[in-house]
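Chain X is already provided as a structure; the job is to place chain B on it using the hints.
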Amino acid sequence: DAGITQSPRYKITETGRQVTLMCHQTWSHSYMFWYRQDLGHGLRLIYYSAAADITDKGEVPDGYVVSRSKTENFPLTLESATRSQTSVYFCASRGEFNQPQHFGDGTRLSIL
Amino acid sequence: QKEVEQNSGPLSVPEGAIASLNCTYSDRGSQSFFWYRQYSGKSPELIMFIYSNGDKEDGRFTAQLNKASQYVSLLIRDSQPSDSATYLCAVTGSSASKIIFGSGTRLSIRP
Numbered sequence: 001d002a003g004i005t006q007s008p009r010y011k012i013t014e015t016g017r018q019v020t021l022m023c024h025q026t027w028s029h030s031y032m033f034w035y036r037q038d039l040g041h042g043l044r045l046i047y048y049s050a051a052a053d054i055t056d057k058g059e060v061p062d063g064y065v066v067s068r069s070k071t072e073n074f075p076l077t078l079e080s081a082t083r084s085q086t087s088v089y090f091c092a093s094r095g096e097f098n099q100p101q102h103f104g105d106g107t108r109l110s111i112l
Numbered sequence: 001q002k003e004v005e006q007n008s009g010p011l012s013v014p015e016g017a018i019a020s021l022n023c024t025y026s027d028r029g030s031q032s033f034f035w036y037r038q039y040s041g042k043s044p045e046l047i048m049f050i051y052s053n054g055d056k057e058d059g060r061f062t063a064q065l066n067k068a069s070q071y072v073s074l075l076i077r078d079s080q081p082s083d084s085a086t087y088l089c090a091v092t093g094s095s096a097s098k099i100i101f102g103s104g105t106r107l108s109i110r111p
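Chains as they are written, first to last, in this note's numbering: chain X, 1 to 112; chain B, 1 to 111.
Each hint can be trusted.
Mimicking DSS-like on lysine-lysine, the simulated pairs with C-alpha atoms at most 25 Å apart in a straight line are:
#1 K56/B <-> K98/B
#2 K67/B <-> K98/B
#3 K57/X <-> K70/X
#4 K2/B <-> K57/X
#5 K98/B <-> K57/X
#6 K67/B <-> K56/B
#7 K98/B <-> K2/B
#8 K70/X <-> K98/B
#9 K42/B <-> K98/B
#10 K11/X <-> K42/B
#11 K57/X <-> K11/X
#12 K2/B <-> K67/B
Cβ-to-Cβ under 8 Å is the rule here; a few derived chain B residues that face chain X:
#13 S32
#14 Y51
#15 I99
Don't read these hints as lab results, they were simulated from the structure.
Don't be surprised by glycine CBs; every beta carbon is placed ideally from N, CA and C.
This is chain X alone, in the form it adopts within the complex (with noise of 0.2 Å):
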């Protein structure tokens, strides 16, 4: 099926650990986005990219590491988890300038 998929959908790992999540596309979007979600703080913006090879930094971008070698994929690396990196992750791409944004269904994080 077309779309946004991430996986895994649920991770518990330990700190200290290195953890990657996934995310691929089948839209041939520019832009891919990754978030994350706490409560009482909504969405925030970690890293995006516009294109392959090109990635920039969100709101939050310490701690976790992109890359991008191709369009459909977009993985979100934490090098070395700590507890406060628990949360709802989300990927998200998009076409180009001002098109909607859509989301892939999360991957729900636990550092312990």
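Showing chain B alone in chain X's frame:
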């Protein structure tokens, strides 16, 4: 001042009434405006977008935009219990590369 502001609610509306959700934004160069609905535990879902001043209607939903006042609103007519959710206002900044989200308004439709 936040870039996109919404009243957090909760906004309680009786079933069958009109729910009115409001949003203000700070960037006068903003070009595109979106409303998303988010059910608890789910991802945001696009319900309306508007680019020009005035009203845009889609079924029970009407989006209203006033760029001079930097104000965008969403009206939901004949509110149903299934409309109970958090509604996120989102605005494309003048650079158009990012969409800025408000913190959302919780809407509760009481039977």
